[in-house]
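Visitor: Here the protein sequences line up with chains U and W, keeping their order. Counting along the first sequence from 1, when you hit position 71 you're at 71 in full-length UniProt numbering, and nothing is skipped either side. Counting along the second sequence from 1, when you hit position 36 you're at 36 in full-length UniProt numbering, and nothing is skipped either side.
Keep in mind that the hints were calculated from the coordinates and are not lab data. Note that the Cβ used here is the ideal one computed from N, Cα and C, for glycine as well. Incorrect hints may appear among the rest.
[What the hints assert, rightly or not] Computed from the model, here is a short list of chain W residues facing chain U with C-beta under 7 Å:
| # | residue |
| --- | --- |
| 1 | Tyr52 |
| 2 | Asp56 |
| 3 | Leu86 |
| 4 | Val87 |
| 5 | Met122 |
| 6 | Thr125 |
| 7 | Trp126 |
| 8 | Gly159 |
| 9 | Ile169 |
| 10 | Asn185 |
| 11 | Thr186 |
| 12 | Leu187 |
| 13 | Ala230 |
| 14 | Ser237 |
[Claimed, not checked] To list a few chain U residues with every Cβ distance to chain W over 12 Å, as calculated:
| # | residue |
| --- | --- |
| 15 | Val27 |
| 16 | Ser50 |
| 17 | Tyr51 |
| 18 | Lys61 |
| 19 | Arg67 |
| 20 | Gly68 |
| 21 | Ser71 |
| 22 | Ala84 |
| 23 | Arg98 |
| 24 | Ser102 |
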Amino acid sequence: MNPTRQRRLTIVIAILVAVIVASALVVYALQQNMNYLFTPSQVQAGDAASYKTFRLGGMVKAGSIQRGGDSLKVTFTVVDAAGAMPVEYNGILPDLFRENQSVIATGHMDGARFVATEVLAKHDETYMPKELKDAMAKAHAGKRIDEAANQDKQQL
Amino acid sequence: MANWIPLWLHKLSSPPVFYRFAGVLRPWAIALAVLLGLVALYGGLVLAPPDYQQGDDYRIIFIHVPSAWMSLFIYGVMGVAAFIALVWRIKLAEVVAMASAPIGAAFTFITLVTGSLWGVRMWGTWWTWDARLTSELVLLFLYLGVIALYHSFEDRRQGARTAAFLALIGIVNVPIVHFSVVWWNTLHQGSTIKLLGPSTIAPGMVWPLLTMMVATKLYYVASLCSRARADLLALESGKDWVRQIAENEVRG
Numbered sequence: 001m002n003p004t005r006q007r008r009l010t011i012v013i014a015i016l017v018a019v020i021v022a023s024a025l026v027v028y029a030l031q032q033n034m035n036y037l038f039t040p041s042q043v044q045a046g047d048a049a050s051y052k053t054f055r056l057g058g059m060v061k062a063g064s065i066q067r068g069g070d071s072l073k074v075t076f077t078v079v080d081a082a083g084a085m086p087v088e089y090n091g092i093l094p095d096l097f098r099e100n101q102s103v104i105a106t107g108h109m110d111g112a113r114f115v116a117t118e119v120l121a122k123h124d125e126t127y128m129p130k131e132l133k134d135a136m137a138k139a140h141a142g143k144r145i146d147e148a149a150n151q152d153k154q155q156l
Numbered sequence: 001m002a003n004w005i006p007l008w009l010h011k012l013s014s015p016p017v018f019y020r021f022a023g024v025l026r027p028w029a030i031a032l033a034v035l036l037g038l039v040a041l042y043g044g045l046v047l048a049p050p051d052y053q054q055g056d057d058y059r060i061i062f063i064h065v066p067s068a069w070m071s072l073f074i075y076g077v078m079g080v081a082a083f084i085a086l087v088w089r090i091k092l093a094e095v096v097a098m099a100s101a102p103i104g105a106a107f108t109f110i111t112l113v114t115g116s117l118w119g120v121r122m123w124g125t126w127w128t129w130d131a132r133l134t135s136e137l138v139l140l141f142l143y144l145g146v147i148a149l150y151h152s153f154e155d156r157r158q159g160a161r162t163a164a165f166l167a168l169i170g171i172v173n174v175p176i177v178h179f180s181v182v183w184w185n186t187l188h189q190g191s192t193i194k195l196l197g198p199s200t201i202a203p204g205m206v207w208p209l210l211t212m213m214v215a216t217k218l219y220y221v222a223s224l225c226s227r228a229r230a231d232l233l234a235l236e237s238g239k240d241w242v243r244q245i246a247e248n249e250v251r252g
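Next up, chain W with everything else stripped away, as it sits in the complex:
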């Protein structure tokens, strides 16, 4: 009955099909990401009320928290893609895993920088070695390690498989980052938005946060589409479908 899903996925994993699909998806994703991002920024910086304790300084949350979510989410996607790449050797999975790493690294970097700016205003320090901050820094190093390993091989596919291994092992850090504030006494506060149980944030503040979350997800989709398309063209440069695209470009 529902075997059209695996069939469709199987078809999508073929490079030319994915190339076309990503080409169609990308402009929509980027347009929606920019639109929602602007709405979220307006909602967060202008409409949302100041916090009772932190005043206007808390507004950096609208960048910090969505970036932090993305740093973990992208690592999850990269880990799953790496697993598929290692076991089934699907070319698209290798491409998705390797194209995700720089985007995830960027979001992790933004998280650390905005957290630092927030920390110096509220806590009174730029950096401290508590469990949440340290594990997030380890996440950045894992991303950078995956990128470096990928590029240290002459053969792109060999590099992708080796880096996929590191990406897969590093996935144990994702729950550690998330639960660090529960498992240990930390300077960093606990989670505000909870999937189970009530969130501890006013409704006027939560909608820009969730809108920004959707916007960052869409940005990731758009960015992944661009990077995967470029990588697929490079990997399949000798194939007929790439030659076809090249010839159309020249003629057009």
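One chain only, chain U, in its complex shape:
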């Protein structure tokens, strides 16, 4: 390798290393505050206290969905591994919204209640036919397959 190429190689690699180090530091710094959502236990621990509006993420607790008789108002409880939070929402819910489904609600705290202005459904990375899911659910005998599949993010 001649000296010119040697020099160019050194310069390019040095710049590349500098850029990688810089972005690694940025990514590391953002780790703290670039989270898209807070889980109920994080909110109860006070992590979201500095935000007026934030996103709450977790699973819809089975049997907690209550719809208003004459309006779009709906209340439900969002849970994670260690906490639970009642949510109130007035609007149209996405098709995937159901019990034991991961949801992300945007809104603010009103006392101990979370008042949502937008509710999004999150789906997991598992894809399988319905028959297979039914068979697996039977094999697990009472164990909820949705819970197993949805636990990936709630652990974080």
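Dock chain W against chain U, hints included.
Guide: Okay, now just chain W, sitting in the frame of chain U:
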């Protein structure tokens, strides 16, 4: 012993040799890409069973995910070519890097549009600023920046080297896109197909996905061959081998 590989690569980097090689490769690549693409579409849209949660709506995965893989893969190829172009000033590397950018930008655009269509049906929103979506959008801007920078110079080679620099620096975004769903809480779900560990998709659904992946790779090869051939002719327009081709065209 195995020094025929560097020798062959060295020979291939000569513009006339690559021009002929790409001319032979291109029709095979495009034919196979179309064939496999049709098989994958049939497998994905007709044969694969509906998903337990998303029903038939999940079928957009057969376009969305292969496009997303290609958007990252092509950036990787472009980055490596840009590195070679900057250090060794090999003309073919500049051509490959610059010819890859529009193809990669197209795949990134398809990824964002199909993701948006999928998102509005499943999540309930067209767009949200989570880490995966945002970093993929940055990837599109990087591609567009490389294309714009390349074309803003009078001298093509000067433009290619400057744009190669941006392409090389932007490569840090590739792992960020890939790991964004691991590093941060995102609305976007994690990876389904894993190289390490079991994938979380039924076999009836995974084969069309992998077939489509091969088809998109072959399409990229074919498209790259066409673009690189045209760029080489333009760059080497004064050279004997190009004149030879031009004269043959006129006579033929």
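Visitor: Verify the interface restraint on Ile169 (chain W): the C-beta must sit less than 7 Å from at least one C-beta of chain U.
Guide: holds (5 Å)
Visitor: Verify this label for me: Ser71 (chain U) is non-interface relative to chain W, using a Cβ-Cβ cutoff of 12 Å.
Guide: Ser71 (chain U) is indeed farther than 12 Å from all Cβ atoms of chain W, at 19 Å.
Visitor: Taking 7 Å as the limit, does the beta-carbon of Thr186 (chain W) come near enough to a beta-carbon in chain U?
Guide: holds (5 Å)
Visitor: Under the criterion of a CB-CB separation shorter than 7 Å, is Leu86 (chain W) in contact with chain U as hinted?
Guide: holds (5 Å)
Visitor: Beyond 12 Å from every chain W Cβ: check whether that's true for Tyr51 (chain U).
Guide: Fine: 14 Å to the nearest Cβ keeps Tyr51 (chain U) off the interface.
Visitor: Does the claim that Val27 (chain U) lies off the interface hold, with its Cβ farther than 12 Å from every Cβ of chain W?
Guide: The assertion about Val27 (chain U) is violated, with a minimum of 7 Å to chain W.
Visitor: Holds or violated: Gly159 (chain W) as interface residue toward chain U, Cβ cutoff 7 Å?
Guide: Constraint on Gly159 (chain W) not satisfied, violated at 18 Å.
Visitor: Have a go at the Trp126 (chain W) hint: is there a Cβ in chain U nearer than 7 Å to its own Cβ?
Guide: violated (11 Å)
Visitor: Over 12 Å to the closest beta carbon of chain W is the bar; see if Arg98 (chain U) clears it.
Guide: Given a closest Cβ separation of 9 Å, the condition is violated.
Visitor: Using Cβ atoms only, decide whether Leu187 (chain W) comes closer than 7 Å to chain U, and label the hint accordingly.
Guide: Cβ of Leu187 (chain W) sits 6 Å from chain U, so the hint holds.
Visitor: Hold the hint about Asp56 (chain W) up to the distance rule: shortest CB distance to chain U must be less than 7 Å.
Guide: The hint is violated - Asp56 (chain W) has no Cβ within 7 Å of chain U, the shortest such distance being about 11 Å.
Visitor: Answer holds if the nearest beta-carbon of chain U is closer than 7 Å to that of Met122 (chain W); otherwise answer violated.
Guide: Result: holds, 6 Å to nearest chain U Cβ.
Checked against the numbered hints listed earlier, the structure breaks hints 2, 7, 8, 13, 14, 15, 23 and 24; every other hint is satisfied.
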